[in-house]
Amino acid sequence: MTTSTLSGKKIFITGVSSGIGRVLARDLSQYSAELHLTARNEERLHETIRLCTQGTTTSYLADLSSTSDMQQLTDALPVLDGIILNAGVVEYLPVKMISEKKLRGVFSVNFDANVLLIQQLLKKKKIAGGASIVFISSVSAHMGVPGTALYAASKAALTAFAKVLASELAPRKIRVNTISPGIVKTTAIEDNNKLSTDAMTEAEKAYPLGYGTAEDITGQVAYLLSDQARWMTGSDIVMDGGFMLQ
Amino acid sequence: MESKETFLEAFQGLFDETAPEEIQLGTEFKEIGEWSSLTALATIVMFEEQFNTAVNARQIDDAKTVEDLYNITATQNS
Numbered sequence: 004m005t006t007s008t009l010s011g012k013k014i015f016i017t018g019v020s021s022g023i024g025r026v027l028a029r030d031l032s033q034y035s036a037e038l039h040l041t042a043r044n045e046e047r048l049h050e051t052i053r054l055c056t057q058g059t060t061t062s063y064l065a066d067l068s069s070t071s072d073m074q075q076l077t078d079a080l081p082v083l084d085g086i087i088l089n090a091g092v093v094e095y096l097p098v099k100m101i102s103e104k105k106l107r108g109v110f111s112v113n114f115d116a117n118v119l120l121i122q123q124l125l126k127k128k129k130i131a132g133g134a135s136i137v138f139i140s141s142v143s144a145h146m147g148v149p150g151t152a153l154y155a156a157s158k159a160a161l162t163a164f165a166k167v168l169a170s171e172l173a174p175r176k177i178r179v180n181t182i183s184p185g186i187v188k189t190t191a192i193e194d195n196n197k198l199s200t201d202a203m204t205e206a207e208k209a210y211p212l213g214y215g216t217a218e219d220i221t222g223q224v225a226y227l228l229s230d231q232a233r234w235m236t237g238s239d240i241v242m243d244g245g246f247m248l249q
Numbered sequence: 048m049e050s051k052e053t054f055l056e057a058f059q060g061l062f063d064e065t066a067p068e069e070i071q072l073g074t075e076f077k078e079i080g081e082w083s084s085l086t087a088l089a090t091i092v093m094f095e096e097q098f099n100t101a102v103n104a105r106q107i108d109d110a111k112t113v114e115d116l117y118n119i120t121a122t123q124n125s
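From first to last, the protein sequence lines are chains A and B. Position in the first sequence (from 1) plus 3 gives the number in my numbering. Position in the second sequence (from 1) plus 47 gives the number in my numbering.
FYI, nobody ran anything at the bench for these hints, they're computed from the structure. A portion of the hints provided could be inaccurate.
Said to hold, decoys possible - What follows is a list of derived Cβ distance ranges for each label pair:
id: 1; chain 1: B; residue 1: Gly73; chain 2: A; residue 2: Ser102; range: 47 to 57 Å
id: 2; chain 1: A; residue 1: Thr56; chain 2: B; residue 2: Leu72; range: 34 to 44 Å
id: 3; chain 1: A; residue 1: Thr8; chain 2: B; residue 2: Gly60; range: 53 to 63 Å
Said to hold, decoys possible - Only pairs whose alpha carbons sit at most 30 Å apart, straight line, appear in this in silico BS3-like list of lysine-lysine:
id: 4; chain 1: A; residue 1: Lys176; chain 2: B; residue 2: Lys51
id: 5; chain 1: B; residue 1: Lys111; chain 2: A; residue 2: Lys176
id: 6; chain 1: B; residue 1: Lys51; chain 2: A; residue 2: Lys99
id: 7; chain 1: B; residue 1: Lys51; chain 2: A; residue 2: Lys105
id: 8; chain 1: A; residue 1: Lys99; chain 2: A; residue 2: Lys188
id: 9; chain 1: B; residue 1: Lys51; chain 2: A; residue 2: Lys104
id: 10; chain 1: A; residue 1: Lys188; chain 2: A; residue 2: Lys128
id: 11; chain 1: A; residue 1: Lys126; chain 2: A; residue 2: Lys166
id: 12; chain 1: A; residue 1: Lys188; chain 2: A; residue 2: Lys127
id: 13; chain 1: A; residue 1: Lys105; chain 2: B; residue 2: Lys111
id: 14; chain 1: B; residue 1: Lys51; chain 2: A; residue 2: Lys188
What the hints assert, rightly or not - Partial list, derived from the structure: chain A residues whose beta carbon lies under 10 Å from chain B:
id: 15; residue: Met100
id: 16; residue: Gly150
id: 17; residue: Ser199
Glycine included, each C-beta is placed from N, C-alpha and C at the ideal position.
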């Protein structure tokens, strides 16, 4: 794919303060896209912007779980050619330790905010015909790994939502796809200190190709955003280094 | 700061197959047959939710007895 593929396209990315979102912003800027980036943390949002060396970048400080922030954000955004819904939280706990607060916390960020964001963008006619929407889901949505119930369920809900959205938007040639990564080495994972380094090293043995990196995801996202993927919608692309082969 | 008894009771409650009286402050908890990575995860959540204490997996790994675990709350909340 050439770097002109996304040149000038207006692309909106959520959750760019770290991890996959930050690398997505950095790498997609190399395609000279017009990036619109949002995150909750101002300092880290600006750190990401400093990494975007090509194209143009506009930033929006917003907490997507806040109704007023969401409204201001969706008012301010231009009509978009590409949307990457990446913001999310990782929360691991056994089912018997789930509390209503935890349940609401995970679903609020991983599911509710994404649904309401898309709803508002559609209502305000901010998604161009022929646009591409990419949700970052998770391979957890397809599995039953102990301790991942809330996270997996929130991502499974997101994947199901994306499929329905794809069918509703197909008449306008708007494509909707999800990427379901396995464990990607990001600061969110490294900072999730509920898993010891030894446990993480041991778990990596279940990945024939090892853990992924954020860079492994960005090429696939760029493809889905491009016109080369014009025949793909409603797909869920698992990228897991072979984890699900076993 | 929570008492040792309160902490012990909460920790005993994480186990389904092990009788509470088999778990005491001096018990080496990783030697309990029912102990698993999922119990470790539950322990971290218990610290967070019931004792307002952030604990990481390394601290759980380093602790031997239930009292060692209790001392984490005592240290962080003193």
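Margin query: For A/Lys176 and B/Lys51, compute the direct alpha-carbon distance and say whether it is at most 30 Å.
Written below: Answer violated: A/Lys176 to B/Lys51 is near 63 Å, above 30 Å.
Open item on the list: Tell me if the straight-line CA distance from A/Lys188 to A/Lys127 falls inside 30 Å.
Closed with: 36 Å, violated
(message) Hinted pair, alpha-carbon criterion (30 Å max): A/Lys126, A/Lys166. Please report holds or violated.
(response) It holds: about 19 Å lies between the C-alpha atoms, which stays within 30 Å.
Q | Beta-carbon spacing of A/Thr56 to B/Leu72 - inside the hinted bounds 34 to 44 Å or not | A | 57 Å, violated
Item to check | Given pair status - A/Lys105, B/Lys51, alpha carbons within 30 Å | outcome: 26 Å, holds
* Asked: Holds or violated: is the Cβ of A/Met100 closer than 10 Å to a Cβ in chain B?
  -> 4 Å, holds
Check the hint pairing A/Lys188 with A/Lys128 against an upper bound of 30 Å on the C-alpha distance. 36 Å, violated
- Would the pair A/Lys105 and B/Lys111 pass a check requiring their Cα atoms to be no farther apart than 30 Å? 29 Å, holds
Problem set entry | Hint consistency between B/Lys51 and A/Lys99 [alpha-carbon to alpha-carbon, up to 30 Å] | With Cα atoms ~23 Å apart, B/Lys51 and A/Lys99 stay inside 30 Å; holds.
* To do: Given the hint that B/Lys51 pairs with A/Lys104, test it: the Cα-Cα distance must not exceed 30 Å.
  => Holds, at roughly 26 Å.
Margin query: Would the hint on A/Ser199 be counted as holding, given a Cβ-Cβ threshold of 10 Å to chain B?
Written below: Holds, because the Cβ-Cβ distance from A/Ser199 to chain B comes to roughly 4 Å (cut-off 10 Å).
**Prompt:** Is the straight-line distance between the alpha-carbon of B/Lys111 and that of A/Lys176 30 Å or less?
**Reply:** Outside the cut-off at roughly 60 Å; violated.
Checked against the numbered hints given earlier, the structure breaks hints 1, 2, 4, 5, 10, 12, 14 and satisfies all the rest.
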